[in-house]
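Using the sequences provided together with the hints, build the complete structure.
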Amino acid sequence: MKQIPVLNRCRLLQALALGAVACLWGSGAHAEPYPSQPITEIVPFAAGGPTDVIARITGEHMSKALGQQIVIENVTGAGGTTGITRGAQAKPDGYTIMMGHMGTHAAAPALYPKLKYDPQKDFEPIGLAVGTPILIVAKKDFPAKDFKEFVAYLKANQSKINEAHAGVGSVSFTTCSLFDSQLGIKPAKVAYRGTGPALNDLMGGQVDYMCDQIVNLAEQIKGGKIKAHAIATEKRSPALPDVPTTKEGGMPNFQVTAWNALFAPKGTPKEVVAKLNDALSKALDDPGTRKRLLDLGGVLPEAPERTSASLAGLVKKEIARWTPILKATGAVGE
Amino acid sequence: MGDLVHNLRLGFATSLSLVNIVLCLGGCLIGTLIGVLPGIGPIATIAMLLPITFNLDPTGALILLAGIYYGAQYGGSTTAILVNIPGEATSVVTVLDGHPMARQGRAGVALGIAAIGSFIAGTISTLIVAALGVPLSELALWFGPPEYFSLMLLGLTLAVVLAQGSLLKAGSMVLLGLLLSTIGADLETGQDRLTFGLDDLSDGIDFAVLAMGLFGFAEVLRNLGSFEAQPKVQTIIGRLLPSAADFKRAIRPILRGTALGSVLGILPGNGAVLAPFASYALEKRLADDPSRFGQGAIEGVAGPEAANNAGAQTAFIPLLTLGIPPNAVMALMVGAMTIHGIIPGPQVITNRPDLFWGMVTSMWLGNLALLAINLPLVGVWVRLLRVPYRLMFPAILIFCCIGIYSINNRPGDVLLMAGFGLSGHFLFKLGFEPAPLLLGFVLGKLLEEKLRQALVLSRGSFLPFVTRPVSCGLLLVAVAVLAIALLPSVSKKRAEVSLS
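Top line first, the protein sequences correspond to chains A and B. So the first sequence is numbered by my numbering: it starts at 1 and just counts up by one. So the second sequence is numbered by my numbering: it starts at 335 and just counts up by one.
Bear in mind the hints are in silico, worked out from the structure with no lab data behind them. From a predicted model like this one, the values you see are computed outputs, not experimental measurements. Heads up, a few of these hints could be off.
Here are some of the chain A residues that sit facing chain B, going by a computed Cβ distance under 10 Å [as the list claims (entries may be wrong)]:
hint, residue
1, Ala47
2, Arg56
3, Gln68
4, Gln69
5, Val75
6, Thr85
7, Phe142
8, Lys145
9, Ala188
10, Gly194
11, Asn200
12, Met203
13, Gly224
14, Asp295
15, Leu296
16, Val332
Far from chain A, some chain B residues (derived; all Cβ distances over 10 Å) [what the hints assert, rightly or not]:
hint, residue
17, Thr457
18, Gly657
19, Gly713
20, Ala752
Glycine is no exception: its CB is placed at the ideal position from the N, C-alpha and C atoms.
Structure (C-alpha cells):
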C-alpha cells in the first residue's frame, strides 16, 4: 500500500478542517435569527415599470427595517408568469420572495392554460403593497366633454372605435376588457408591445382610447396631450384631483386598482412571513416612502388590508372576478 | 435664440457642478467598459446600478445613467471593430468595414474616426435637442402605424441593397431574419407561434441572444476553424489619429450620418436602429468606388458611427418632451426618474428646467469626456488584440454567456445563443452574411406589429399605406432604391464587385 505523501496529507487535513469549519458556519447560519443574509425579491417585470418602481421604493425601507439588503431581481417574460414560476419553485426559506400583481395572481389562470403555479395554493401571501388606480383616457380631440358623453359616444359608434392596449395579458388589456364588457361594447382592439408605443399613438390621435395605470399616464394628462375621462376608484386621486371617478360618471361598478403584493413560496415558515409582513407595513408607514408612493398616484392599504389573510382573500376574490371576463375575450396570455 | 442661450447657461450651471461632472465622467467610463465587454450591454448595467442612484439627486442620477448609455455606444463600436462582435443592434454596421480595417492594421484609425465622428455627431445633435427638441417631438406623433410600416419596408430594402455579394443570398438572409422575428407569442391573440412548446421561446428571441450567437460565438468558431496563426497585422496598432486624407474622406459621411441619425432617433419604437444601416447604404451609393465597402472603407465606419451616436442623443427627445421611451434603455430612464418622483412627460421641461437642460448640456460634456477618455485608450483597446487567442476566446465566450444571462436571468437564453453560434458558423461556411439576417430580425418585429396595427385601424384596407402622404413618400423611396439596385448597369457593377 502506498503511503500518502506528507504534503498531500497536510492538504487532506487542511481540507477536512476547512470542511468542518464550513459545516459549523453553515449550522451557525441556521441558528441565527432571520434574516442573516440578503433577501432576493423577484420582480416579474422589466426594470423601470410600475411594479418594479414600487418594489424598489418599498424594498428600500424594508431593507432598513429588516437589517438586510433586499436585492431586486427582474425576471421577465410571459406577462410576469415566468418570474413568479421561478419564485414559486424557490427554496421556501424566506430568502426568495416575489412581487406578484393583479396579472400574475388573478388574471393569469384565465390567460395561461399551461400556468405552472396555482396563485392560491403555491404561495404564502405576505401582504398587499401598493395599488395603482386605473384611468380611462382618450385622445385629446375625442368628441366628448365628460365621462357620460364619452360612454354614450362609445356605445353609439362602437364599429368605428379603436381601443389601444399594451399587449394581451397586460394590465391595460385586462382592465379595458372589463370596461368594455360592462358597457357591452366590442371596439377594435389594437395591440402594442407596451404602454409607451400605445400612448404614442393615442397622443397622435391614431387610436381613440385606452385604460392603464395612473403612473403611466398622469404626466401626459397634465400636459394636455391626452384627456382622462375617469378614474376607476371610489375617491378622486390626490395626484389628479380634476379627474372624476367612474362612480361620479355613472359607472359605479367599474372599480379597478392594479394591486401589487408580496408573496413567499409555499412552506416559508410562519414567523418569517410575519417578519416580512411587519417590514412591509413599516415601509408603508414611513413618511418618506409614503410620500414617494402617493406622488406616483399609488393607493396604500390601511392596516386591516395589510394582513396575510386579507391578501389571500383578495387573490381569491380577484380570480373569481377576472376569470369569466377574460375567458370571454378568447385571448391567451402573451 | 436668447432663450436658448439662457437655457444653456442654466444647463451648464447644473451640469458643471463638481458632483455632476464626476457622475458624468464616471458614467462614461463605466459605459465604455461595459460596451467593450461583449455581451454585457447598457440595459443590464443600468438595471444593476439603479439602486445606487437612489441616494443621488434626480439630475445627477440621470446624468450618470445617460453617461453609461452613450458610453456604451462608444464601447460597443470598439468591440465591433476589434473583435467583430456588435454589442448592440446599432453597431452591426460598424462590423462591416471596421473589422476589415482592423485586419489591415488600421484598427487605430478606425477607432479614432469612430470617436471623432461620434463626437461631431454628438455635438450637433446635442444642439438639435437643445434648440428643436420641443417642436421636433411633434414629428413623432405624425408617425402612425402605416408610416412606420413603410419606413421599415424602406429599411429592409436598404438591407438587401447594402449587402455584399449575391442579392439572392442577402435577400434570403433578410427573409430568414423576418421569420425568426415571428417566433413567440402572437401580438393580438397571445398564441405561441413556432415555439415548439418551449417556454423559453414564448417571448420571442432576444436581439442580444441572436447577435452574440451569430457574431460572437460564430467568430470564435471561425477563428478556431482557420489554421492561420494570430494574424500579424493585428499586432500593428497603426496610427491612432486619422490622416488628413482619411479625415477628408470621412467628414461628409459624418455630417450626412449625423443628419440621418438625428431624424431617425426621434422616432419612437427604436427608429434609431435604422440610422447606421441607412447611413451605410447612403455612403455606399454615393461612393465613387462602392467596391471598397466591406473591405475597410473609412466612410463605412465614419458615417454609421456618427448616425448611431446622433440617434442615441436625439432618442432622448421623445422621452424628455413626451414621456415616451423609444427603446429599452430609455424605458429604464423612465424608471430611474419615476423612482425619484419625476414622471417623464410633457411638463418636465417647464417644471424642472434644471433637470432638462442639465441633462442636455451634460450630454455634450459627456461626448467631450468620451473623446478625452477614448483617444488615449484606443492604444489600450488595440493592445487587447495582442492577447493570445487561447486567452481571448474563452474570455469572449464567458462574457457573452454572463451578459446574455444578465439580460433576462434565463439559462435558456444562453443555450439558444450557443445554438445560434453553430448556425452562424455554418452560414459563414456557406457564404451567407449574418448582417442582413440581423437587420431582418430587428425590423421584422416592428414591421409585423405596425402592419397589423395599421390593418386593424383601417378594418383590413391597404389603402392608408398609399393615401397617407408620409407613408406614400417612404414607399416611393423604397421602390426607387430597389429600382436603382436592379438597373442593368448597377446590377452588372454589383456582379463585378462580388466577383472580385
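Hints and how they fare:
no. : hint   : result
1   : Ala47  : holds, 4 Å
2   : Arg56  : holds, 6 Å
3   : Gln68  : violated, 14 Å
4   : Gln69  : holds, 9 Å
5   : Val75  : holds, 5 Å
6   : Thr85  : holds, 9 Å
7   : Phe142 : violated, 15 Å
8   : Lys145 : violated, 22 Å
9   : Ala188 : holds, 5 Å
10  : Gly194 : holds, 8 Å
11  : Asn200 : holds, 5 Å
12  : Met203 : holds, 6 Å
13  : Gly224 : holds, 7 Å
14  : Asp295 : holds, 5 Å
15  : Leu296 : holds, 7 Å
16  : Val332 : holds, 4 Å
17  : Thr457 : holds, 28 Å
18  : Gly657 : violated, 5 Å
19  : Gly713 : holds, 35 Å
20  : Ala752 : holds, 20 Å
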